Each structure stands twice: as C-alpha cells, then as structure tokens.
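Protein chains in written order, with this note's numbering: chain A, 1 to 352; chain B, 353 to 704.
Because the hints were derived from the structure by calculation, they are not lab data.
Among the hints, a few may not be true.
[Claimed, not checked] Listed next, the stretches of chain A that the computed footprint assigns to chain B, with coverage defined by at least 3 CB atoms under 8 Å from CB atoms of chain B:
| no. | stretch |
| --- | --- |
| 1 | 98-111 |
| 2 | 134-140 |
| 3 | 153-165 |
| 4 | 260-269 |
| 5 | 339-345 |
Computed from a predicted structure; not experimentally measured.
Each residue gets a CB set at the ideal place from its N, CA and C atoms; glycine is no exception.
Protein chains: 2
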Amino acid sequence: MNSVVLENAFLERLVAGLPRTPRQRNGLQESDAELVSLPGGLLLAVTTDALVEELDSGLYRDPYQIGWMTVLVNASDLAAVGAEPLGLLLNQTFPVDPEAGYVERLQAGVADACRAAGLAVLGGDTSFGPRPQMAAVALGLVPGSTVLTRKGCRPGDLLFASGPLGGGAAYALGALGGGAPGPLPRFLPAPRIREGQLVRSYASAAIDTSDGLLAGLDQLVRLNGVGFSLDLDPASMLDDGAAILAQATGVPPWFFLAGPHGEFELLFSVPAPRAERFRAEARLLGWEPLVLGSVIPEPGVRMCLDGSESVILDTLAVRNLGGHCGTDPRRYLEALHRIHESHHRERERSRS
Amino acid sequence: MNSVVLENAFLERLVAGLPRTPRQRNGLQESDAELVSLPGGLLLAVTTDALVEELDSGLYRDPYQIGWMTVLVNASDLAAVGAEPLGLLLNQTFPVDPEAGYVERLQAGVADACRAAGLAVLGGDTSFGPRPQMAAVALGLVPGSTVLTRKGCRPGDLLFASGPLGGGAAYALGALGGGAPGPLPRFLPAPRIREGQLVRSYASAAIDTSDGLLAGLDQLVRLNGVGFSLDLDPASMLDDGAAILAQATGVPPWFFLAGPHGEFELLFSVPAPRAERFRAEARLLGWEPLVLGSVIPEPGVRMCLDGSESVILDTLAVRNLGGHCGTDPRRYLEALHRIHESHHRERERSRS
Chain A
1 MNSVVLENAF LERLVAGLPR TPRQRNGLQE SDAELVSLPG GLLLAVTTDA
51 LVEELDSGLY RDPYQIGWMT VLVNASDLAA VGAEPLGLLL NQTFPVDPEA
101 GYVERLQAGV ADACRAAGLA VLGGDTSFGP RPQMAAVALG LVPGSTVLTR
151 KGCRPGDLLF ASGPLGGGAA YALGALGGGA PGPLPRFLPA PRIREGQLVR
201 SYASAAIDTS DGLLAGLDQL VRLNGVGFSL DLDPASMLDD GAAILAQATG
251 VPPWFFLAGP HGEFELLFSV PAPRAERFRA EARLLGWEPL VLGSVIPEPG
301 VRMCLDGSES VILDTLAVRN LGGHCGTDPR RYLEALHRIH ESHHRERERS
351 RS
Chain B
353 MNSVVLENAF LERLVAGLPR TPRQRNGLQE SDAELVSLPG GLLLAVTTDA
403 LVEELDSGLY RDPYQIGWMT VLVNASDLAA VGAEPLGLLL NQTFPVDPEA
453 GYVERLQAGV ADACRAAGLA VLGGDTSFGP RPQMAAVALG LVPGSTVLTR
503 KGCRPGDLLF ASGPLGGGAA YALGALGGGA PGPLPRFLPA PRIREGQLVR
553 SYASAAIDTS DGLLAGLDQL VRLNGVGFSL DLDPASMLDD GAAILAQATG
603 VPPWFFLAGP HGEFELLFSV PAPRAERFRA EARLLGWEPL VLGSVIPEPG
653 VRMCLDGSES VILDTLAVRN LGGHCGTDPR RYLEALHRIH ESHHRERERS
703 RS
C-alpha cells in the first residue's frame with residue numbers, strides 16, 4: 001500500500017458500482033464541493049460533511065463550537081469552489097436528555113456561522129440517540145463560466161494560502177492532550193466565502209486545508225501530476241498561536257502543517273501573470289493572502305524542514321499517519337519525529 | 353403539552369434564531385423536501401434524512417437493507433414533491449474494521465435503490481467510528497409551475513394512498529420483537545418517484561407515510577386546518593403481510609396504521625373534479641392508488657376502529673407515543689390498546 005492514500009483507496013472502493021451522472025462537472029475527489037450542471041446554464045455546488053471523529057475523540061466539546069464547526073466545514077467547501085452561498089440543511093442527532101442550555105448554545109453556534117457565511121438554513125433532519133451527531137449540507141451557485149476545482153495547477157503558478165496556517169493542528173494538540181498546559185485556544189475559523197469568490201476569478205486550482213496543508217498539497221500533487229516548492233519557511237507560515245506553541249514545546253514548525261486537523265484556509269494556485277492583479281484585488285477586500293511558493297514540474301512537495309536545505313517530503317507517509325495513529329496526538333508526534341529524523345539522516349548521507 | 357406534537361415543538365425550538373431565506377417556497381414542516389427558487393425560474397428540491405434510531409434500535413440490520421433504506425427515505429421526500437431526481441450525496445460512518453463483505457453489501461443496497469429512484473451519486477463524506485451511521489442528501493428539480501407541498505387540502509378533496517399500508521409497522525413488529533414468530537418479512541419499499549411526478553399535476557397536497565399513515569394525516573390536519581374521513585375500512589388498507597399478521601395476532605388492523613415506522617407510500621389529496629382523470633392516468637402507469645376517504649371541514653381524523661361506527665381518533669396521542677415508548681413495540685402496542693379501549697368506552701357511554 002506504499003503509494004496509496006488509504007482514504008482515497010477506500011473511497012474508490014465505496015463508489016465502484018454506484019451510478020454517476022454526466023451532469024456532474026467534477027470527477028471523484030476532484031473538487032471540494034460537487035458541481036452539477038442545471039438547465040439554463042446554472043452550476044450548482046453541493047457538499048456534505050459530518051463531525052464524527054471530531055466529536056468521538058473529544059476534539060470539539062463546547063456546543064457553540066460544535067454548532068459553528070458543523071456549518072464551517074461545509075461552508076469551507078463552498079468557498080473552495082468560489083460559490084455564492086444558497087442554503088444549508090442540518091442533520092442533527094441529540095441526546096435524549098440534553099443538559100440545560102445545550103441545544104440553545106449549539107444552535108447559536110450554527111446561527112452565527114451561517115450568518116458569517118451568508119447561508120440560510122433551509123431545513124434538515126433531527127434524531128435522538130445515545131451519541132450526539134452533527135452533519136450538514138451546504139448548497140451554492142457558481143456564477144459565470146469559470147469553474148474552480150482541485151485540478152488545473154500548472155508549473156510556474158504561484159501557490160497561495162488564504163491566511164496563516166497551523167492553527168488547526170495547534171488547537172488539536174491542546175484539545176487532545178499533546179500540547180502545552182494552559183487554556184485551550186479558541187478555534188472558530190472564519191468562512192472564506194468572499195475570498196473564495198475572488199479566488200475563482202484568478203486561480204487555476206483550489207482546495208481547503210481542512211485536513212492540513214500537507215494533505216491538501218498531496219491531494220493536488222496526485223490530481224495534477226505536478227509538485228510544489230514551498231519557498232516560505234514553515235515557521236513563517238504559522239499563525240501566532242501555532243508559532244508560540246512551536247517555540248514553547250520545541251516541536252519543529254512544519255509539524256503544525258502536517259496534522260490531519262487543518263485550519264480551513266484556502267490553498268490555491270494562481271498563474272504568475274495574473275498574480276499581481278489578484279493581490280491588488282485582495283487588498284481591496286482588506287485581505288493579504290500568503291505566497292507559500294510555486295508549482296514545479298516534479299511531483300512531490302519540496303520544503304525546508306529544519307532551516308537548512310529543502311527536501312522532497314514524503315507527504316504520503318504524513319497523510320497516512322491519521323489512519324495509523326488515530327486521534328492520539330502523542331503517537332502522531334512520535335511518527336512525525338521519525339519522518340523528520342529519516343529526512344535528516346538521508347541528507348547527511350547524501351552530503352558525505 | 354397536550355395539544356403539542358413533541359417532535360414539532362422541538363423543531364420549532366431548533367430553528368428559532370436561524371437565518372432563513374425568501375428564496376425558499378415552503379415554510380417549516382410544510383413540505384417533505386425543501387423547495388428553493390433558483391435564478392431562471394428553476395425550483396430545486398433538497399432533502400436530507402439519516403438512519404439513526406433505525407440503526408440504534410436494530411430495526412435495520414442487514415447491510416443491503418441499510419444501504420437501500422438510506423437512499424429510499426430521501427427519495428421518498430423527493431417523490432412527495434413530485435421532483436425529477438438529480439443526485440444523491442452520502443454521509444457514511446463505517447466501523448473501523450468492518451466484517452468481510454459488509455461494505456460491498458451496503459453499497460450494493462445504495463446502488464440498487466439509486467437506480468430504482470433514478471438518482472446518480474454525486475459524492476459525500478466518509479468517516480470512521482464505533483457506531484455505523486448512514487445519512488444521505490437527495491436533490492431534484494421540480495419542473496413547470498405547479499408546486500406540491502403538504503399544504504393545500506380542501507374539504508371535498510379525495511384522499512389517496514399510493515399503495516397498501518401497514519407494511520412498515522408489520523416489519524417493525526417483526527424486527528423489534530413484538531410480532532409473530534417466523535422469518536422477518538422483506539422490507540425494501542420501492543421509491544414512488546414516477547408516481548409522485550403524476551401526483552404533482554393533480555394533487556392539492558402530499559406527504560409520504562415515512563412516519564405511518566396516522567402521523568402523516570395528523571401533520572396534514574395541523575397544516576391545513578381540515579380533517580379527514582377515512583371511509584375505507586382499516587383492514588382493507590393493509591398490505592398482505594400486515595393483514596396476515598393482524599389476523600394471526602388478533603391485533604386490531606388500525607394499529608398497523610399507527611406505528612411510527614411507516615411504509616413510504618405517498619398520501620395525497622386530489623380535488624374531486626380531477627380525480628377520475630388522475631386515476632385514468634395512473635392506470636396508464638400500471639398503478640392503482642387506493643382511495644382512503646376524503647377531506648372534511650372539521651379538524652381530526654374520523655375512522656372506524658373496530659368495524660362499527662367511526663370515531664374521531666386522538667391522532668395527537670398516537671403520534672406522541674413514539675416519544676414516550678421509544679422503540680419498544682410491546683409498550684407501544686399496550687399504549688395503542690389503551691387508546692382503543694378508551695375510544696370504545698366513550699362510544700359505549702355516548703350510546704347509553
């Protein structure tokens with residue numbers, strides 16, 4: 001299974017034999033939201049995401065945050081295709097006897113995230129069960145004729161992130177018990193809907209960082225047959241919380257780009273000739289996207305792990321750690337340390 | 353809480369404070385699928401339904417059936433608004449180590465139900481967790497200008513069911529251990545998509561019987577401020593399996609119309625002047641819908657419980673039993689027997 005992404009392989013097994021439609025503009029895993037042609041030239045974007053491992057592991061515990069994230073994970077997929085939000089459906093399973101205020105706090109998180117994303121709630125399904133469950137469906141329309149998916153990166157394109165990274169991994173370390181002692185940082189990422197609409201006009205491909213930067217890049221590598229050279233130093237990619245935690249714990253900064261719990265920023269490639277105009281328009285929104293590096297012809301992710309020369313990182317090994325280590329951050333960190341060391345030794349060997 | 357449907361009251365609490373949109377053509381609980389106006393005059397139908405109690409209670413155990421029902425419960429909502437199927441998204445949580453063949457049998461049920469409903473699979477979300485979960489989202493388009501919702505029944509309309517009833521309750525009795533001994537009857541209801549499209553051209557209102565006939569009628573009573581007179585004898589409404597079980601166990605036939613696990617038929621009202629033409633068109637499809645009775649001005653459901661005079665049934669009490677008795681069919685049957693007896697005593701009193 002060495003060249004196989006465990007999650008992708010399972011998905012391919014799931015969809016074998018299921019009927020498909022020529023109305024769909026994207027293939028399997030080629031887009032954060034499914035894109036469906038409607039009569040009259042409309043393009044519908046639809047996505048569904050559930051919080052399962054996030055609740056089972058205790059990653060999200062506060063009901064307001066659970067409500068917010070249920071909306072956000074879906075809004076983030078709409079943002080990655082540059083859709084105009086249309087509406088949301090909720091799929092909620094409640095405990096039979098919820099604590100006082102639980103339902104209201106949960107729904108307040110849903111309502112606030114919907115307002116932040118410009119999503120109206122259309123309806124949904126409500127159940128009762130021993131384990132609370134949350135899922136949602138987000139619908140949007142993609143205007144005009146420019147379709148943005150995960151496919152389209154070309155060598156020479158610049159690679160952008162919509163904001164600083166590592167906040168999702170830093171939060172997960174704190175929440176799951178692998179971080180520094182102290183209060184848990186707040187984790188309520190903003191939906192990047194408006195930014196996504198601008199990105200659609202300029203970018204050649206986009207994906208959100210729901211699974212972290214490196215998993216997103218690995219997915220883009222596989223779909224586009226290209227590679228990425230990360231020219232920005234990992235420490236400079238981190239948001240303040242992650243940077244402080246990296247310093248306090250001595251964990252190499254790139255580990256915060258490798259966690260399976262991402263920060264829900266957009267990751268996108270923009271052809272170099274359009275990049276200046278894109279950045280100028282972004283500034284008009286009061287938005288300063290980060291240039292991480294560029295697209296290169298050789299598949300793989302080239303980055304600097306420890307402040308010296310850059311290496312081609314084994315992103316597949318990083319990406320499959322989730323399946324092997326579950327939600328135990330200590331095992332995850334140990335595994336990352338082993339990858340870090342092996343790259344270090346390899347470099348030493350090639351020098352001597 | 354005596355005049356309150358427990359489920360509806362909870363739903364109203366959930367949606368208070370959530371943003372809504374004027375694009376939506378139906379109000380809360382007024383339609384089996386949400387209806388959203390799109391630019392260009394298109395009307396999108398979207399619905400999401402999860403199997404939660406159905407899996408937690410063991411009502412559905414066979415993976416093929418679980419796959420089929422995940423699609424069917426959603427397709428049935430599209431049928432009730434007369435939509436043309438567009439596509440389906442799946443929200444699946446798998447056990448970390450599924451039994452050999454489990455995934456394939458589950459997906460075969462999904463695939464076969466999708467083909468039966470004319471639904472293509474667009475995508476979805478996959479998770480892993482200690483409890484298998486299944487949910488789906490179905491999308492459709494409502495052509496033309498005729499919108500079919502749960503609202504619109506007028507006194508004098510005829511009340512139809514798309515097929516014989518009681519099969520869902522009979523199945524639940526068998527599966528949950530309140531029925532006669534013997535092999536469990538097969539329960540893989542057919543999606544009523546084609547029938548729903550015909551119904552949309554003729555009916556004043558429609559709902560599916562996912563929660564059983566009486567819950568569906570109670571919902572229509574509340575939304576329309578009308579009542580229903582069931583002129584067909586309950587025994588004559590039952591499908592073969594339910595009829596045989598009613599005879600074998602001595603359970604009054606109307607109990608099979610009162611269970612919270614319905615048969616996923618369509619329940620709809622047709623203005624009397626259009627009824628003959630509707631039935632003629634239905635026959636062209638090889639379809640013989642059942643006339644159950646008619647819409648009357650007085651709110652409530654008038655029906656014959658035991659072969660003598662008809663009574664106004666306390667459908668609210670019946671409908672709230674689910675919340676009080678959970679998924680224990682013995683408690684449910686006992687409660688129905690109490691309602692049966694109280695109606696019987698009342699009639700005796702009014703006679704003397």
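Hint by hint, here is what the structure shows:
1. As drawn, the stretch 98-111 of chain A meets chain B at 5 residues by the rule of a beta-carbon pair under 8 Å; at three or more, the given contact holds.
2. Coverage of the stretch 134-140 of chain A by chain B holds. Counting CB-CB distances below 8 Å, 3 residues qualify, and the rule asks for three or more.
3. As drawn, the stretch 153-165 of chain A meets chain B at 0 residues by the rule of a beta-carbon pair under 8 Å; below three, the given contact is violated.
4. Only residues whose beta carbon comes within less than 8 Å of a beta carbon in chain B count, and the stretch 260-269 of chain A has 0; fewer than three means the coverage is violated.
5. Beta-carbon proximity to chain B at under 8 Å applies to 0 residues in the stretch 339-345 of chain A; the threshold of 3 is not reached and the given coverage is violated.
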